[in-house]
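Participant: Residue numbers (our numbering), protein chains in the order written: chain Z, 46 to 233; chain X, 52 to 228.
These aren't lab readings, by the way, just hints derived from the structure by calculation. There's no promise every hint is true.
[Unchecked claim] Covered by chain X, per the in silico footprint, the following chain Z stretches (three or more residues, Cβ under 8 Å):
1. 54–65
2. 73–79
3. 86–96
4. 196–206
The structure presented is a predicted model; accordingly, all values stated were derived computationally and were not measured. We treat Cβ as the ideally placed atom computed from N, Cα and C, and that holds for glycine.
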Amino acid sequence: MWNVDRQTLEALRAGERRAWEKVLAMCRRQVFNIAYGFAGNAEDAEDWAQEALLQVYRRIGTFRGDADLSTWVYRVTVNVCIGKIRRRKSNTSSLDEMDDHAMPAIEDPTPSILSREEEAIVRSAVAQLPPKLSPPVILHYFQGLGYDEIAKVLDIPLGTVKSRINRAKMLLKDMLKEYIMCEEVGSV
Amino acid sequence: MKCRAVMGLLAKHGEVADLPAVAQQHIRECGSCAAQAHLLRKAEETLRCVQEAEEPAWFDEAFFAKLEREKARSASRLPNRLREALPPSRRWKLGLVLAIVLAHILALSPVARSLVSAPSNGAKYTAEMAPRIRQGVAEWARHVTFTIFGGSQPEQAPGKHKSSAAPNKGNHALPVA
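Please put together the full structure from these sequences, using the hints given.
Facilitator: Now the structure itself:
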């Protein structure tokens with residue numbers, strides 16, 4: 046998490062380019078990463094991240110400075126992404142609809158690194174979680190935020206964050222079942 | 052302990068290690084629950100393996116130009132300028148005052164009056180209906196009196212309603228206007 050001083054905040058409100066460059070340099074990667082978690086693919090993620098940053102730019106006047114600027118930026122991003130997901134047509138292919146050959150061939154059995162295709166499967170599964178469950182998962186696993194930070198960003202109690210992450214994990218367990226079993230067979 | 056209850060606890064706690072001893076014992080003994088717990092652990096491991104996305108290429112001059120255009124566009128709109136001029140706490144107060152003023156204006160408008168006032172021919176309608184209602188009630192009262200106490204039917208003024216001339220026919224209902 047990061048924040049800016051009062052002077053920088055005033056400069057942001059005034060639309061000073063140097064201040065914006067500084068802040069966008071700090072947050073662009075995180076914003077894109079969150080958007081990627083929601084979108085499940087890089088193309089949509091770019092659009093959504095740009096939209097989120099535009100919203101941040103437009104609404105900086107409404108930021109009261111009570112919380113860290115990063116918390117507010119993540120919240121704006123999450124809200125933009127949730128709105129996009131709601132509007133998104135249901136024409137994206139689900140994991141169940143994927144062809145068998147779409148499942149990646151496991152080249153490297155080491156569990157610490159996922160191939161691009163494997164990562165796409167995991168991100169796609171996370172993107173298909175219910176809108177309430179996906180934000181904590183994305184912020185925790187993809188963004189590396191702690192439970193208390195997620196509670197601040199989403200403005201929900203700490204216990205709710207934990208329960209939503211656990212429920213999401215149970216759903217992901219079923220969604221990624223085929224992939225995990227395939228991986229285990231490949232590694233044997 | 053049943054498998055369903057164990058899965059419920061697992062969904063609540065998220066980790067096998069956080070479960071009560073009884074549930075942990077069940078998972079050790081039940082093949083199905085052990086498989087589910089294993090899948091859950093692997094799913095979490097997989098989630099942790101997802102790396103941070105690479106930085107996109109669009110963050111350049113073009114994006115800043117877009118921001119500048121956006122700023123110019125939003126600044127030209129009156130509501131946006133008003134919104135930016137007011138801090139959030141005052142916006143609520145101003146909004147409340149505006150809502151009250153608007154409600155007053157609406158309440159005093161001719162449209163609002165036409166909605167709550169009687170129709171323009173209301174007085175005439177009442178004047179026509181009142182004698183007929185009074186007459187109907189009086190007729191009904193006479194009929195009830197005649198039925199209960201018997202005796203001769205009360206005299207009717209000539210040329211009155213036909214129903215009052217033949218009260219025995221069971222016409223107890225009020226005459227319809």
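Participant: All hints are to be evaluated individually against the structure, with a verdict given for each.
Facilitator: Here is what the structure says about each hint:
no., hint, in the structure
1, 54–65, "holds (count 3)"
2, 73–79, "holds (count 4)"
3, 86–96, "holds (count 5)"
4, 196–206, "violated (count 0)"
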